[in-house]
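Following the hints, complete the assembly by docking chain S onto the known chain V.
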Amino acid sequence: MITWRRIGLKDYVFPDIKEYTKEYLKNINNIPVDVKLNKITECANNAENHKFDISEVPALGKEFTSFVESSYNSGISIYLPQNIKLKSPIRLEFNMDDKNPTVVDHNIIIAEPNSEVTIVIDYNSDNKTKTFHNGFTKVYAKEDSIVNIVKIQRINDHSYNFDSNIALVKERAIVNWISIELGSSISGSNYSSILQDMASESNLHSIYLGDGTRKMDLGYTMIHKGPKSLSTIETKGVLKDKSKKIFRGDLNFKRGARHSKGSEEEYVILLDPTVKSDSIPALLCDEDDVEGDHAVSAGKIDESKLFYLMSRGLSEKESKKLIVEASFKPIIEKIPYEDLQKVISHEVERRLING
Amino acid sequence: MENKLLSINNLKVNIEDKEILKGLNLEINKGEIHIIMGPNGGGKSTLAYSLMGHPQYKIIDGEIVLEGKSINELTADKRAKNGIFLSFQYPEEIPGVTVEEFLRTAKTSVSGEVQKIMAFKKLLKEKMIQLEMKEEYAARYLNLGFSGGEKKKNEILQMSILEPKLAILDETDSGLDVDAIRIVADGVNKFIDESRAILVITHYNKLLEYIKPDYVHILIDGKIIKTGGIELAEEIDKNGYENIKAKFSN
Numbered sequence: 001m002i003t004w005r006r007i008g009l010k011d012y013v014f015p016d017i018k019e020y021t022k023e024y025l026k027n028i029n030n031i032p033v034d035v036k037l038n039k040i041t042e043c044a045n046n047a048e049n050h051k052f053d054i055s056e057v058p059a060l061g062k063e064f065t066s067f068v069e070s071s072y073n074s075g076i077s078i079y080l081p082q083n084i085k086l087k088s089p090i091r092l093e094f095n096m097d098d099k100n101p102t103v104v105d106h107n108i109i110i111a112e113p114n115s116e117v118t119i120v121i122d123y124n125s126d127n128k129t130k131t132f133h134n135g136f137t138k139v140y141a142k143e144d145s146i147v148n149i150v151k152i153q154r155i156n157d158h159s160y161n162f163d164s165n166i167a168l169v170k171e172r173a174i175v176n177w178i179s180i181e182l183g184s185s186i187s188g189s190n191y192s193s194i195l196q197d198m199a200s201e202s203n204l205h206s207i208y209l210g211d212g213t214r215k216m217d218l219g220y221t222m223i224h225k226g227p228k229s230l231s232t233i234e235t236k237g238v239l240k241d242k243s244k245k246i247f248r249g250d251l252n253f254k255r256g257a258r259h260s261k262g263s264e265e266e267y268v269i270l271l272d273p274t275v276k277s278d279s280i281p282a283l284l285c286d287e288d289d290v291e292g293d294h295a296v297s298a299g300k301i302d303e304s305k306l307f308y309l310m311s312r313g314l315s316e317k318e319s320k321k322l323i324v325e326a327s328f329k330p331i332i333e334k335i336p337y338e339d340l341q342k343v344i345s346h347e348v349e350r351r352l353i354n355g
Numbered sequence: 001m002e003n004k005l006l007s008i009n010n011l012k013v014n015i016e017d018k019e020i021l022k023g024l025n026l027e028i029n030k031g032e033i034h035i036i037m038g039p040n041g042g043g044k045s046t047l048a049y050s051l052m053g054h055p056q057y058k059i060i061d062g063e064i065v066l067e068g069k070s071i072n073e074l075t076a077d078k079r080a081k082n083g084i085f086l087s088f089q090y091p092e093e094i095p096g097v098t099v100e101e102f103l104r105t106a107k108t109s110v111s112g113e114v115q116k117i118m119a120f121k122k123l124l125k126e127k128m129i130q131l132e133m134k135e136e137y138a139a140r141y142l143n144l145g146f147s148g149g150e151k152k153k154n155e156i157l158q159m160s161i162l163e164p165k166l167a168i169l170d171e172t173d174s175g176l177d178v179d180a181i182r183i184v185a186d187g188v189n190k191f192i193d194e195s196r197a198i199l200v201i202t203h204y205n206k207l208l209e210y211i212k213p214d215y216v217h218i219l220i221d222g223k224i225i226k227t228g229g230i231e232l233a234e235e236i237d238k239n240g241y242e243n244i245k246a247k248f249s250n
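For the protein sequence lines, the chains are V and S, in the order given.
Note that the UniProt record's numbering gives residue 159 to position 159 of the first sequence, counting from 1, and the numbers run on in steps of one.
Note that the UniProt record's numbering gives residue 95 to position 95 of the second sequence, counting from 1, and the numbers run on in steps of one.
Honestly, I wouldn't trust all of these hints.
Some chain V residues close to chain S (C-beta under 8 Å, calculated; not the full set) [said to hold, decoys possible]:
| # | residue |
| --- | --- |
| 1 | 304 |
| 2 | 310 |
| 3 | 312 |
| 4 | 313 |
| 5 | 315 |
| 6 | 326 |
| 7 | 329 |
Rather than coming from a laboratory, the hints here were simulated on the basis of the structure.
C-beta atoms are modelled at their ideal positions from N, C-alpha and C, and glycine is treated no differently.
Chain S extracted, bound-state conformation:
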């Protein structure tokens, strides 16, 4: 099926010999928004890092298939070139490189096309206005001295510039005030179209007031134990994870 973007088949991932993902399955088609929820320590961030190819997250078993090809063996840069993007929960500060220089370099790497300076400037400015970011941030060192909210917006800026096929947002909404959540959600809604998909990892329901997911998955103890629609998120908001957990273990 040509609509299929990502298949995760029975994925098992270790960090330092400790099994965190214990046989996870997930299918994502183009045009879809997926939400992953779950208690702390269940493996949400591990899933994000494993999809992006962090060297400390070792795939023990299973397969990650992107557009029909296994990407298990690819390093993070190759995965980025194949269209995967991760919005980090804690973006790194890189002093000495400005947001603009960095994004131009990254866009060149990911797209394989040299970015003309003036055209890129224009594109960047446009995207920054959409995200209500002050223009001066383009000339600032990457994430250095940015507030939590500014760092997250900068991640969404990178996503909208790099135009990946699959964007993974790892707790992009945590630590944001309501206005920032609205802006981030707006960025997500502008980004999604028939050629891409989004996987949102979140703790909260706030974001779901603005984003309409196609699927909500509950990730507990290294596995997706339940999949549903937005009503699942609403149920968790009311009753927490205990009910679902209890049902699952029975």
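Isolated chain V, as found in the complex:
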């Protein structure tokens, strides 16, 4: 049983996990033969899984991650050989419904030196089924590799969503996370990167939208171990109605991470006085010679901007919508599929206009 007060879970028991029967791997054309891409449920053994140690990062917590490791019903295992750069992204879509109400996906991504891959995972559902998602994604980015992970969560408002993501980043490798959080009644999502070696880099860009009574816990951690390692966290959010959000961003500079740089920034727009927004940015330093910046700001929409837009004939609602959409746009544009960009923009629009 899990109790997680911040998002209102008390004595919570995971539901029974059913088989996920739909096809979730959307494009597997043009993938070179020496790339090993498998559904995790079809892999004979997951030896690769144990090759790297990510135990120091708790992600959402052992209860969640162990559950995925023991009970997964979906996910991929991908192994990219040295120097292979995949031009088109690998795309997964989970669409939950009454026949497939649970997704527990376990994803393992191993990028050998100088390889490159982008993986886009879209989690969605029908409008009514009470669904459950708990995922665990592990990235091992070896020397000079680039791994981009894009996650879109737009599950219906009756559902629970939990997602843990961890990357181990080697010399000069880059791991970029993009997280779009739009749905579920309770959502816990965690992204952590361990910047293991010299000049390793990780960037996280996320947007979130809270409406209705949604409760969100967003935890982002950058652990700097290698010298000259770099990290960025950029989060933009909007809260309306009675939604609640906790943002935790940790920049953790370990001994040996000299000349490293990390920055984090969260900007949230509060549309109603009934929302609750907590932000806890933290800078932890064992090493002196590092640079860490954090900025968190929460506010109502800038009244001068609002007046400027309204003076051009846009109603108050339209003006607010435009300001929120504009702040989300640079992050949405990082998603490598136009159809998904549109889906997200429409979803944001719909949720901003309703209520």
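Structure of chain S alone, referenced to chain V:
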């Protein structure tokens, strides 16, 4: 009289309980260019914001009447739809929205007609050429990283696209070099016709070398204390406000 566009009757406006406009009267007819001059702190920008409907500028007394209807209670968007436009002294930067997208949205709101993309593009391009704006500005985020002069030109661009009945230019000429003033004045002169009017708030006479006003008003301490023709502006240019102020208080 059907020519009458705007009447401001004994307007009193407070900002945070401080009275700024103290009973201001002004009549503007269609086809006219009015200039408002006055020292800092006299209430010029307050008048501009009050006409546009800024929520922090509270009307305590008096009335603003546009084409026979009081607009006191209307929010800024409704006033825009009724034909009022304000060229801001400090235009806001809106990252994430391009000039073209924004203007198309605004034109749709103000006119109530959906703007076809290609036709609008053409219109925008035309107006930008008139204002000697580089075409690339259409695709840039609204005012973001624009210089002072570019922001002001962009305001005039918006005015010429939205085609209001009453355009209020709040210090549009300040901070502009001579060439930019000429271009802005040119935009104003192209815009004015028998169906519209312009209210120009200014500090300087430079603009008046290019624009021929019908009336010049002096706004001091929340009231218009003197109205005249262009000779009034020339007098202020020579002698400043002190003379007029002194005469007025005697």
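Hint check:
no., hint, verdict
1, 304, "6 Å, holds"
2, 310, "4 Å, holds"
3, 312, "4 Å, holds"
4, 313, "4 Å, holds"
5, 315, "5 Å, holds"
6, 326, "3 Å, holds"
7, 329, "4 Å, holds"
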